[in-house]
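Visitor: Sequence:
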Amino acid sequence: MWFSESWKQHNLAQVNCLSQQTKQKLSQDNLFPSLLSLLDVKTQVVNNKLDMLSQCK
Numbered sequence: 001m002w003f004s005e006s007w008k009q010h011n012l013a014q015v016n017c018l019s020q021q022t023k024q025k026l027s028q029d030n031l032f033p034s035l036l037s038l039l040d041v042k043t044q045v046v047n048n049k050l051d052m053l054s055q056c057k
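The UniProt record's numbering applies: residue 1 is where the sequence shown begins, and numbers increase by one.
Note that these hints are calculated values from the structure, not bench results. Just so you know, even glycine gets a beta-carbon here, dropped at the ideal spot from N, CA and C. Certain hints may be false.
Derived SDA-like pairs: lysine to any residue, alpha-carbon spacing no greater than 20 Å straight-line [to be verified]:
1) K42 to D29
2) K23 to C56
3) K49 to T22
4) K49 to L38
5) K8 to D51
6) K23 to S54
7) K57 to D40
8) K57 to A13
9) K49 to N30
10) K23 to A13
11) K23 to K49
12) K25 to Q55
13) K57 to L39
14) K49 to L31
15) K8 to Q55
16) K49 to S19
17) K57 to L18
18) K42 to L53
19) K49 to N16
20) K57 to L26
21) K25 to D51
22) K49 to A13
Taking CB as the label site, the calculated pair distances span [to be verified]:
23) E5 to Q44: 30 to 40 Å
24) Q9 to Q44: 28 to 38 Å
25) W2 to C56: 18 to 28 Å
26) V45 to E5: 30 to 40 Å
27) F3 to S54: 17 to 27 Å
28) D29 to K57: 16 to 26 Å
29) V41 to V15: 11 to 21 Å
30) M1 to T43: 17 to 27 Å
Let the hints inform the model, and build the full structure from the sequences given.
Guide: Right, dumping it as structure tokens:
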């Protein structure tokens with residue numbers, strides 16, 4: 001995923017977490033839950049098991 005330098009500086013923990021996921025088998029199913037997590041959106045309709053950041057929380 002691409003992030004601006006400014007965003008990366010303010011969200012270093014999330015960037016580091018995502019960089020640890022590079023060897024995991026992921027699909028497009030992981031994208032939406034992960035984006036919502038990155039934006040700190042809370043909802044019950046998303047499967048949090050598909051969130052790439054869930055392993056770092």
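Visitor: For this structure, which hints from the list above don't hold up?
Guide: none
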